[in-house]
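Join the two chains, each given in its own frame, into one complex according to the hints.
Which chain is which? The protein sequence lines are A and B, in order.
Residue 1 is where the first sequence starts when you use this note's numbering, and the numbers rise one by one after that.
Residue 114 is where the second sequence starts when you use this note's numbering, and the numbers rise one by one after that.
The hints are simulated quantities; they were obtained by calculation from the structure and are not laboratory data.
Honestly, I wouldn't trust all of these hints.
[To be verified] Calculated from the model, a selection of chain B residues having no Cβ within reach of chain A, i.e. all distances over 10 Å:
no.: 1; residue: Ser-125
no.: 2; residue: Glu-128
no.: 3; residue: Gly-129
no.: 4; residue: Asn-131
no.: 5; residue: Thr-133
no.: 6; residue: Ser-158
no.: 7; residue: Gln-170
no.: 8; residue: Gly-172
no.: 9; residue: Asp-179
no.: 10; residue: Arg-183
no.: 11; residue: His-188
no.: 12; residue: Ala-198
no.: 13; residue: Gly-216
no.: 14; residue: Val-223
no.: 15; residue: Arg-224
[Unchecked claim] Some chain A residues close to chain B (C-beta under 7 Å, calculated; not the full set):
no.: 16; residue: Gln-41
no.: 17; residue: Gly-42
no.: 18; residue: Pro-43
no.: 19; residue: Leu-45
no.: 20; residue: Thr-101
no.: 21; residue: Phe-104
no.: 22; residue: Gly-105
no.: 23; residue: Gly-107
This one's a predicted model, so the numbers in the text were calculated from it and none came from an experiment.
From the three backbone atoms N, C-alpha and C, an ideal C-beta is built for every residue, glycine too.
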Amino acid sequence: EAGVVQSPRYKIIEKKQPVAFWCNPISGHNTLYWYLQNLGQGPELLIRYENEEAVDDSQLPKDRFSAERLKGVDSTLKIQPAELGDSAVYLCASSLDRTDTQYFGPGTRLTVL
Amino acid sequence: ELKVEQNPLFLSMQEGKNYTIYCNYSTTSDRLYWYRQDPGKSLESLFVLLSNGAVKQEGRLMASLDTKARLSTLHITAAVHDLSATYFCAVDMVDSSYKLIFGSGTRLLVRP
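Bound conformation, chain B alone (with noise of 0.2 Å):
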């Protein structure tokens, strides 16, 4: 059954900081996708990693894959208020199910 684990569960930072939130993984895998979710709202796609040593980049935000350590990293870079939110990463099944599996999230808070 593949598991997915995310650390932290809660991260209080400080802007302008950089921080790493981790994502592993229990099975093979070559899909991962990272969502955003504001309190009360619904999950907004941020990225999908479709292969080894996939990177990408939308703002402050950057998204690794590493599929022979089952590793996804989502890198925050010189943080700001506007990215406090809970961040969820889910990893595809790759038998015929096409399930997505999420973790638990991560739950951003920048200070100012």
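Same shape as in the complex, but just chain A (with noise of 0.2 Å):
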């Protein structure tokens, strides 16, 4: 069975850039988390949606970031305008629901310049 997929696996760019990231979770997963992962922390939430309805999205930053899960499948998450302090690995997960382990896809290394 194929795990989450993420893409790109690395990503620089220049500050005030825009950036996207995209995921597919695992097939039949309906809750999908993208997740920000500072070097030598834990990860911390940005968002969770179960099916295409954002359903926690209080510590995402609104006024750069964004994101969507159109069809309530794959999602996509973007920082417009990118800043220096957004590097960081952006990691999705998927679980079954809510209540269920969250598996973890290979994230995507942010570095901004």
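Okay, here's the thing in structure tokens:
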């Protein structure tokens, strides 16, 4: 069974540029999460989707971050414009439902210069 | 606000030795996860502990949960180099948010 797929794996951009990350969850998983992981830290939740509905986006910086999950399957996380402090690994995870174990993708390592 | 603390944050141990990683959390929860992360890789689920007194074992790793003490332990028996990785515990919020709060991780290095 394929795991959570993310692309790109690495992205280097200059500050003020836009960037987008893509995630395809495990087939049949209704719940999708985006996390931010800074170096030496545990992941922190940015947004959680139940199917196509964003049910928890309280930690998403809405002035520059946006996300969507059209059709309730794959998802895109966007940053516009990127700032130096956005350099981190962006992880996508999915689970059958909100109470089930979360399975993580390989992440996208973002470097903002 | 739920806080999760792990200790130690870094652990260097010799092959063959035993050691325990601790995970303390600040508010009530009855669902705790342990994940493993290799450098540059994603998080791999190791254990899910769902009730007080739960104990799970896989190979040289054993995890336990004491909800009354708000403490989980990850015990390593006769460590081998392949266990070198960062280990995270994560605790589920008991409210309707179903949010996982992660500890900072314990970076384990097993030396020959």
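A quick look at each hint next to the structure:
no.: 1; hint: Ser-125; in the structure: 16 Å, holds
no.: 2; hint: Glu-128; in the structure: 25 Å, holds
no.: 3; hint: Gly-129; in the structure: 28 Å, holds
no.: 4; hint: Asn-131; in the structure: 25 Å, holds
no.: 5; hint: Thr-133; in the structure: 19 Å, holds
no.: 6; hint: Ser-158; in the structure: 5 Å, violated
no.: 7; hint: Gln-170; in the structure: 17 Å, holds
no.: 8; hint: Gly-172; in the structure: 19 Å, holds
no.: 9; hint: Asp-179; in the structure: 21 Å, holds
no.: 10; hint: Arg-183; in the structure: 17 Å, holds
no.: 11; hint: His-188; in the structure: 20 Å, holds
no.: 12; hint: Ala-198; in the structure: 14 Å, holds
no.: 13; hint: Gly-216; in the structure: 6 Å, violated
no.: 14; hint: Val-223; in the structure: 19 Å, holds
no.: 15; hint: Arg-224; in the structure: 21 Å, holds
no.: 16; hint: Gln-41; in the structure: 6 Å, holds
no.: 17; hint: Gly-42; in the structure: 3 Å, holds
no.: 18; hint: Pro-43; in the structure: 5 Å, holds
no.: 19; hint: Leu-45; in the structure: 6 Å, holds
no.: 20; hint: Thr-101; in the structure: 5 Å, holds
no.: 21; hint: Phe-104; in the structure: 4 Å, holds
no.: 22; hint: Gly-105; in the structure: 6 Å, holds
no.: 23; hint: Gly-107; in the structure: 6 Å, holds
Comparing the model with each numbered hint stated earlier shows that hints 6, 13 do not hold.
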